[in-house]
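2 protein chains.
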Amino acid sequence: MATKKEGILFPWHHGTGAQPSYVEELDGLKNWVEKTRDSGSKAFREFTPFDWAALFLPCLRWLRTYRVKEWLLWDLLAGVSVGFMIIPQSMSYANIAGVPSVYGLYGAFLPLAVYALLGSSKQLGVGPVAVTSLLIGNGIRAMVPGSENIDNPNNPGEFAGVQDIYNHKVIQVAFLVACMYTGVGALRLGFIVRFLSHSVITGFTSGAAVIIGMSQVRYILGYKVPRMDSLHEIIEVLVAGRAGFKWKECVMGLAMLGFLIGLKVISKRVKKLHWLAALGPIMACAISIIAVVAGKLDRRGIKVVEKIPQGLPSPTIGWWAPVNNLGPMLGLSAVVMLVDLLESTSIARALARKNGYELSYNQEIVGLGIANFAGAMFNSYTTTGSFSRSAVNNSSGAKTQLAGFITSMVVMFVLLFLTKVFELLPYNTMAAIIIAGVMGLVEFDTAIYLMKTHLRDFAVWLVAFLATLFLGIELGLAAAIGLALLIVIFESAFPHTAVLGRVDRTTVYRNVEQYPGAEMVPGVLVVRLDAPVYFANVQWMEDKLVAYEAEALRFARANGIDRVEYIILDLTPVPHMDSMGAHFLEELHQSYKARGIQLILTNPSPRVVRLMERSGLIAKIGRDWIFVRVHDAVVNCQRSLMQMEAGGSLATPTWQPMGMVSPVFQSEGGAEPNGAAAGSRGGGPVAPGAAAGASLGL
Amino acid sequence: MATKKEGILFPWHHGTGAQPSYVEELDGLKNWVEKTRDSGSKAFREFTPFDWAALFLPCLRWLRTYRVKEWLLWDLLAGVSVGFMIIPQSMSYANIAGVPSVYGLYGAFLPLAVYALLGSSKQLGVGPVAVTSLLIGNGIRAMVPGSENIDNPNNPGEFAGVQDIYNHKVIQVAFLVACMYTGVGALRLGFIVRFLSHSVITGFTSGAAVIIGMSQVRYILGYKVPRMDSLHEIIEVLVAGRAGFKWKECVMGLAMLGFLIGLKVISKRVKKLHWLAALGPIMACAISIIAVVAGKLDRRGIKVVEKIPQGLPSPTIGWWAPVNNLGPMLGLSAVVMLVDLLESTSIARALARKNGYELSYNQEIVGLGIANFAGAMFNSYTTTGSFSRSAVNNSSGAKTQLAGFITSMVVMFVLLFLTKVFELLPYNTMAAIIIAGVMGLVEFDTAIYLMKTHLRDFAVWLVAFLATLFLGIELGLAAAIGLALLIVIFESAFPHTAVLGRVDRTTVYRNVEQYPGAEMVPGVLVVRLDAPVYFANVQWMEDKLVAYEAEALRFARANGIDRVEYIILDLTPVPHMDSMGAHFLEELHQSYKARGIQLILTNPSPRVVRLMERSGLIAKIGRDWIFVRVHDAVVNCQRSLMQMEAGGSLATPTWQPMGMVSPVFQSEGGAEPNGAAAGSRGGGPVAPGAAAGASLGL
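These protein sequence lines map, in sequence, to chains E and X. Residue numbers are given in full-length UniProt numbering: position 302 of the first sequence equals residue 302, and the series is strictly consecutive. Residue numbers are given in full-length UniProt numbering: position 621 of the second sequence equals residue 621, and the series is strictly consecutive.
Only chain E is shown next, with the shape it has when bound in the complex (with noise of 0.2 Å):
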């Protein structure tokens, strides 16, 4: 029995001196930089002049394999279709953002077949989003004086000049977006989004999506009343400026956004016609631009886009400089990407996961970052991966980024040759087309599911979704980000912490609040730490374990003896530690030594034990207090223990480690993992008047 021994202990553990500190951790950083280097399929040095070609073009390994019988028809007809989505979507997008319309298609042109050669995701529809699209436009409004005044970006009349400066601003918006993705993506920061959890997007982008659909009421409506951006403002001015009503304006948008939920209900209903949602835009623009042209509706007040300029962007790198209101444009950048980051990483995870390949993070969010760049250069506002075309380039049966670069091109002919057709779009079809998208991003049944499975992630929606409705995008955004970071401070300022017992004679131990039947040794007090012992949980820690002692103490009281004398720390499940938490250990060394308590450690991992050498706890501690198991340190406290009342000695207990159950870093062969093993070489009953049976009852 028992012949295999070098299993149980630490096998990294060699010499016996303190190691040198920052030397090992430039070490450890080495190999870890290694370990990234040769993360990829092949390691630097095996590159051929191909891999080192698709490090900076990415598109060249899916263009190398690309199957052309197979894939091609599929790419151009979901290319082709996410097109005719974008088209309207993009414009009417701008629209929300503040600036003229083509700068919408902009942004669907370039950006996309940037995006197309450098990014991962094989199935991600890039271009301008709604949700972004009202916080740039809300941000800049309040920085440009004068622009809330602005009724059409595409034809600002006398607020030429104000425009103007709204659209410089955008632009940069855009560069310094760009700027932040790439050098979170450079420097592999992409992480910090996982911060906010599903339930504070879905409520934020939940009340967005409604603040969006309201702003967009007032064309149909055919009124000229002031944007605002909070729910109860919204309706507060519409009603006042009821006297505005224009039926025509009204009928046409109410007959195109039937139409949009008609095909919708029908492409849900119905699993053939599932494409025709993705159509209802263009076949909306269609309509509504055929029935001005032949009703001549647009000198008969309906409001139409007007103007269009023809051809492709001319560069706008000139207006990235200077930058006023730094404070205020670096925030609102910020905002922006990290709202853009989260919605396209978290669809193309879903989409890479559906399809089954794997996506590299940080080239998608330098590809992202790029795409951006190409965007400011080229007179378009920030682009990001959109829910709603993504969904419908992937259900078009898109295979690779060639979907993306056709419809780029789509975008570039409607640029080069249509822009007089859609000059005649009417506001109020865009409208509805921006209502019928948004309806899908308000997520009533989230809201249910978490009901029902968890409160407190349903109070974090709710929160979020009622502070964006009613203070408004901004502050509704900074409540639900404030309220995440809250939760994951909370969550790791109080980490769980138990106290063990001995389950049934066995060499198993466990919480006691979860197996009362559990054994504690009067006396001695088990403790197992459940995280990583660092700068934001040791205060809790420190409160937990003051606690415990005095349940423990009261629980040895009752059990005839007069304080404790052993506290146990389990660290099984420490991962690592940080220079608090050494700081903590030895806080409570001294304090429990000045007490004339031992403190005990079982099973450190080895980062932990190197941690503990450096900063010279070990020493202090003492080598012959480390075990294995929590059994082992649980025997020989309770032989101490048994001595000590033979003896009569309490007032100094024999603190030698029996040569039965060896400590860690005394014997090579005495840590004894089998249980059975342990009890019948003698490890002997657990102080059978005093525990059996009793619990702490924590």
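Incorrect hints may appear among the rest.
Because identical chains cannot be distinguished in the list, a pair is counted as satisfied if it fits within a single copy or across any two copies.
Unchecked claim - Heads up, simulated DSBU-like pairs for lysine-lysine below, C-alpha to C-alpha not over 30 Å straight-line:
| # | residue 1 | residue 2 |
| --- | --- | --- |
| 1 | Lys-620 | Lys-246 |
| 2 | Lys-354 | Lys-303 |
| 3 | Lys-296 | Lys-307 |
| 4 | Lys-272 | Lys-593 |
| 5 | Lys-307 | Lys-271 |
| 6 | Lys-593 | Lys-268 |
| 7 | Lys-246 | Lys-420 |
| 8 | Lys-593 | Lys-620 |
| 9 | Lys-248 | Lys-420 |
| 10 | Lys-620 | Lys-354 |
| 11 | Lys-544 | Lys-224 |
| 12 | Lys-296 | Lys-248 |
| 13 | Lys-399 | Lys-69 |
| 14 | Lys-452 | Lys-593 |
| 15 | Lys-224 | Lys-399 |
| 16 | Lys-246 | Lys-354 |
| 17 | Lys-399 | Lys-303 |
| 18 | Lys-303 | Lys-271 |
| 19 | Lys-264 | Lys-399 |
The set of hints was computed from the structure by calculation and includes no laboratory data.
Starting from the known structure of chain E, arrange chain X on it as the hints suggest.
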């Protein structure tokens, strides 16, 4: 053997049907409220009238048990010592904040008295502090145009109007900080400062201390140069202004600085004279005031305070509204509150631990909040616990909050009778007092300790320190907070997970990375999740499981099995989950099922089981696939695998759990913690040929 059986089963699991969802969560909330209410020394219903009074006036507690003979002398001594210290300190700090010196004295009077009545720390030395003063000074100066030209806030001359606006704003910040403090205390959100690690804080305060010290050099050199807030700018300005050098100021300032540092050194070396350092500032004041009077120096170019209004502060409630620049004012107040809260609670905590009494955090925070309300009502800027004065208070032997009250009485005496004297206090002496004071805040020894123990923490210290030095205090603090948040998010986003293997034929399963001898069963993957499964970390867990599965598949193939049949998730260290966690497990189950892999869960905690029930997850996975122990699950999988091999029916595995090793929801007596017993009853060896000695080598 093993006669006791109920211990291992879930004691809280009675019914089998799905439980009502939020009703139960509300019950949980109710329990929490009740537990919290009961967590005091007495439950509310046992409250005597005294307890009720003490709830609103906590000083009654210590007043009732006050031991006059033992404590009064110590409290008097400590109170007067701190009083002597706080008078010059508070006047100097007011200068840093850019308000008249008397504001500092006011801050050392009423807030102290109020804190003594309401606070829970017996030794905390409340009053104006250096770092906050700098934050307020820089923040308000940016908001009040023209204020950078004010040379002496006590006697602003032509800038009286600007100084008046400035003062109003400072009082408003005090009011906002008081509101935030009280809110944080009442809502029990004190934990929010825990994300600020020791490294971040000491890095920031060290940098701020250097900036504060350097900003005072101009008073010692006698220059009249603009205030700057980054090190290189300060040095630049000092070099550029060298023509304004005044040797009298310089000699006097350096003499005072030498005197103070000398006293500090003596008090450190000679233990009996430790009180000297505390008395240094007041002695320096006395000497320099005598020098000014004797030499009539103020008329010969020594800059003195000039004007301190006599008497108690007048009410300033009328200054609270209206608040202009609300956004930046709220931001500044939040930052000030955060720094104050952190400084104060960490000192109070350390003092309570040293003196062996319990601190009530929320009472503490509310106490500081109300003290700040009192300050904002009566002409004082924000106050909090000071590190240096708390240390002196403690070392002078303060026993109760009475010491703080006595300090405030000393300050009152000065306000009533000695203002004329302190009007002659030279700026160079105040500068020397500040420089000698902040020298202790520059913690290079912490930096060295961090460098030795934990490289990441050292890097954080360095970034916070250098950013504060060279980017200014606001951006430095922003960088520090950002960095700390980044680390907390990082820690939350990348939880530890481990592949488990069976150690030495026991029933113990451990991390195969730490125990390379631990045995894996080909076709069965056991993974332990070492953190609560919630929104911040599900993505990482998902990625990890994909990687583990690929490794497990390689290992299975190497052992003649062509796929992974079972994936066991050990949930022992998972205290709770949120809705994202449930969703993650559900998706996992579905994707595994689609690929013919069975998901098995072991040892979920009661909270996790409840959540899984509510979200319908248990019904989907099936109760048969949830076990108490990893070993039971593994043995069960092995049987199925062996049956498959015997029957040759790999395509249709027999999903029936074995009778011998029962899943937790089925039989009451089957789950069996004793490994030896399970083995003797036919658990069988672990796939001997294939698995012995093999390891994943992850």
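| Hint numbers the structure violates, sorted upward? | Hint check: 1, 2, 5, 11, 15, 16, 17, 18 fail, others pass.
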